[in-house]
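Chains as they are written, first to last, in UniProt numbering: chain B, 1 to 233; chain H, 1 to 110.
No lab work stands behind these hints: they were computed from the structure. Hints are supplied without guarantee of correctness; some may be wrong.
[Claimed, not checked] Here are some chain B residues pointing at chain H (derived, C-beta under 7 Å):
| id | residue |
| --- | --- |
| 1 | Gly51 |
| 2 | Gly55 |
| 3 | Ala56 |
| 4 | His75 |
| 5 | Glu76 |
| 6 | Ser97 |
| 7 | Gly98 |
| 8 | Ile100 |
[Said to hold, decoys possible] Listed next, the in silico BS3-like pairs over lysine-lysine satisfying Cα-Cα at most 30 Å (straight line):
| id | chain 1 | residue 1 | chain 2 | residue 2 |
| --- | --- | --- | --- | --- |
| 9 | H | Lys55 | B | Lys12 |
| 10 | H | Lys21 | H | Lys55 |
| 11 | H | Lys73 | B | Lys19 |
| 12 | B | Lys222 | B | Lys12 |
| 13 | H | Lys83 | B | Lys127 |
| 14 | H | Lys21 | H | Lys106 |
| 15 | H | Lys73 | B | Lys127 |
| 16 | H | Lys83 | B | Lys126 |
| 17 | H | Lys73 | H | Lys83 |
| 18 | B | Lys127 | H | Lys106 |
| 19 | H | Lys73 | H | Lys21 |
| 20 | H | Lys55 | B | Lys127 |
| 21 | B | Lys19 | B | Lys222 |
| 22 | B | Lys126 | H | Lys55 |
| 23 | B | Lys126 | H | Lys106 |
| 24 | H | Lys83 | H | Lys21 |
| 25 | B | Lys126 | H | Lys21 |
| 26 | H | Lys83 | B | Lys19 |
| 27 | H | Lys83 | H | Lys55 |
| 28 | H | Lys73 | H | Lys55 |
| 29 | H | Lys73 | H | Lys106 |
All C-beta atoms in this analysis are idealised placements derived from N, C-alpha and C, irrespective of residue type, glycine included.
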Amino acid sequence: MITLYPDLERNKADMGWLKTGRSFSFGDYQDENNMAFEPLRVFNDDVIAPGRGFGAHPHSDMEIVSIVLSGQLRHEDSMGNEAVTTFGGVQRMSAGSGVIHTEHNPSQEEEVNLLQIWFMPSERGKKPSYTTSQFDPEQLNGRLLPVVTQEGSDTAADIGQDLTIYMSRLQAGEAVSFHQEAGRRVFLFVIEGRLSLQHEYELGARDSARIVQVTDLEVTAKEDVLFMLIDLP
Amino acid sequence: MAERVLVKHAVAGRMLLDTSKEAGVTYEVSRSGGETVIELLGVAPEIGAAVMSLKEELNLFLFEEPEQGDTIKHWFYVNSGDKVHYEENGGVLRISAGGEIIYNPKDYWE
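Start from the sequences, fold in the hints, and give me the full structure.
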């Protein structure tokens with residue numbers, strides 16, 4: 001079953017310094033019928049104004065991935081980590097038994113656009129940790145590139161949940177396929193461009209789909225497209 | 001120095017209880033070993049119900065607010081929803097926490 005969630009149906013908020021599109025209940029947007037897609041709890045598409053960001057605040061028992069699409073994002077936390085990432089960089093924070101952190105846009109000129117993605121962990125109470133990883137954006141072309149995996153790799157961050165985040169860039173007419181294991185689910189999000197699923201469903205920029213019980217998924221670019229596919233338990 | 005206890009929803013950030021805004025709510029903080037127990041008395045049933053409905057996703061704070069100087073924040077790790085209890089009789093909300101981080105937001109970017 002494939003259920004589409006058009007961009008227009010996302011919850012949008014504009015706080016001046018932060019413009020956000022939320023795929024699931026978050027902040028002042030609460031819909032008890034849209035709390036999560038199994039372990040995927042938060043999927044926020046944030047644009048943060050220059051010099052602004054989220055001040056010091058705690059997290060626990062959440063796997064938090066931040067993927068910068070444009071601009072710069074600076075992270076600082078109570079474990080002593082500091083990092084700035086740009087497109088190609090991935091930040092993964094396992095909040096575990098607790099961490100204090102900030103996220104802000106260190107640029108004084110340019111907005112930062114990031115995807116802020118939270119997953120419930122497979123195990124609560126773990127020691128908190130943080131890492132950054134880097135993929136080569138050229139490697140996105142024509143394939144599904146894993147950028148976050150449970151085990152991690154040289155180019156993918158590890159995470160405390162049985163999931164994989166793939167990113168892909170296809171030229172118009174190109175296609176990729178994905179085999180979905182029985183009992184698992186897929187969240188697909190179009191970052192830019194347009195694609196079709198199974199030659200039946202069309203998604204444009206910032207549209208998403210929640211997919212269950214589809215064994216083989218075919219994604220075809222209707223125009224040049226950049227998208228994310230998350231394989232979930 | 002003023003002090004207050006806050007209970008918030010960790011994901012939404014929504015304030016569920018702020019003792020400085022709830023007349024008649026009192027609290028005691030006790031620490032033993034690695035555990036901290038915060039017991040709040042006089043908590044209204046609707047607030048107790050809201051906390052219990054979100055007991056797996058709570059942020060529990062104690063703010064120390066000196067007349068001069070920065071607010072010091074104590075954040076407590078609530079290991080599990082099983083550590084959160086509410087008794088409507090007497091409005092007793094008892095939360096046990098297994099960890100504590102003390103921080104001054106000004107030590108970070110803000």
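The hints, checked one at a time:
1. With its C-beta approaching chain H no nearer than about 10 Å, Gly51 (chain B) sits outside the 7 Å limit, and its interface hint is violated.
2. Here the hint on Gly55 (chain B) is kept, as its CB sits about 4 Å from the closest CB of chain H, short of 7 Å.
3. Hint status for Ala56 (chain B): holds, given a least beta-carbon distance of 4 Å to chain H, under 7 Å.
4. Taking 7 Å as the C-beta contact cut-off toward chain H, the hint placing His75 (chain B) at the interface is violated, the least distance being around 10 Å.
5. At its closest, the beta carbon of Glu76 (chain B) sits 6 Å from a beta carbon of chain H; the interface hint therefore holds under the 7 Å criterion.
6. Satisfaction of the interface hint for Ser97 (chain B) is found here, the shortest Cβ-Cβ separation to chain H being roughly 5 Å, below the 7 Å cut-off.
7. With its C-beta approaching chain H no nearer than about 4 Å, Gly98 (chain B) sits inside the 7 Å limit, and its interface hint holds.
8. Annotation: interface hint on Ile100 (chain B) holds; nearest CB of chain H at approximately 5 Å, less than 7 Å.
9. For a cut-off of 30 Å, the pair hint linking Lys55 (chain H) to Lys12 (chain B) stands: about 27 Å separates their Cα positions.
10. A hinted pair counts as satisfied when its Cα atoms are at most 30 Å apart, and Lys21 (chain H) with Lys55 (chain H) qualifies at roughly 21 Å.
11. In summary, the hint linking Lys73 (chain H) to Lys19 (chain B) is supported, as the alpha carbons are separated by about 28 Å, within the 30 Å threshold.
12. Distance restraint check for Lys222 (chain B) and Lys12 (chain B): the Cα-Cα separation of roughly 26 Å lies within the 30 Å cut-off, and the hinted pair is therefore satisfied.
13. A C-alpha spacing of about 19 Å is found between Lys83 (chain H) and Lys127 (chain B), which places the hinted pair at or below 30 Å, so the restraint holds.
14. Annotation: proposed proximity of Lys21 (chain H) to Lys106 (chain H) holds, straight-line Cα distance about 25 Å (limit 30 Å).
15. As the CA atoms of Lys73 (chain H) and Lys127 (chain B) are separated by approximately 21 Å, the hinted pair is consistent with the 30 Å bound.
16. At most 30 Å may separate the alpha-carbon atoms for a hinted pair to count; Lys83 (chain H) and Lys126 (chain B) meet this at roughly 17 Å.
17. Using a Cα cut-off of 30 Å, the hinted pair Lys73 (chain H) and Lys83 (chain H) holds, with the two alpha carbons roughly 21 Å apart.
18. Under the criterion of a C-alpha separation no larger than 30 Å, the hint pairing Lys127 (chain B) with Lys106 (chain H) is consistent with the structure, at around 25 Å.
19. Distance restraint check for Lys73 (chain H) and Lys21 (chain H): the Cα-Cα separation of roughly 18 Å lies within the 30 Å cut-off, and the hinted pair is therefore satisfied.
20. The straight-line distance between the Cα atoms of Lys55 (chain H) and Lys127 (chain B) is roughly 21 Å, inside the 30 Å bound, and the hint therefore holds.
21. Restraint check for Lys19 (chain B) and Lys222 (chain B): satisfied, since their Cα atoms lie roughly 28 Å apart, inside the 30 Å limit.
22. Simply put, Lys126 (chain B) and Lys55 (chain H) have alpha-carbon atoms about 19 Å apart, close enough for the 30 Å limit, and the pair holds.
23. For the hint linking Lys126 (chain B) to Lys106 (chain H), the alpha-carbon distance of about 27 Å falls within 30 Å, and the restraint holds.
24. In summary, the hint linking Lys83 (chain H) to Lys21 (chain H) is supported, as the alpha carbons are separated by about 24 Å, within the 30 Å threshold.
25. Under the criterion of a C-alpha separation no larger than 30 Å, the hint pairing Lys126 (chain B) with Lys21 (chain H) is inconsistent with the structure, at around 34 Å.
26. With a C-alpha separation of about 36 Å, the suggested pair Lys83 (chain H) and Lys19 (chain B) falls outside the 30 Å cut-off, and the hint is violated.
27. For a cut-off of 30 Å, the pair hint linking Lys83 (chain H) to Lys55 (chain H) stands: about 8 Å separates their Cα positions.
28. Restraint check for Lys73 (chain H) and Lys55 (chain H): satisfied, since their Cα atoms lie roughly 21 Å apart, inside the 30 Å limit.
29. A threshold of 30 Å between alpha carbons decides the hint, and for Lys73 (chain H) with Lys106 (chain H) the separation of about 11 Å falls inside it, so the pair holds.
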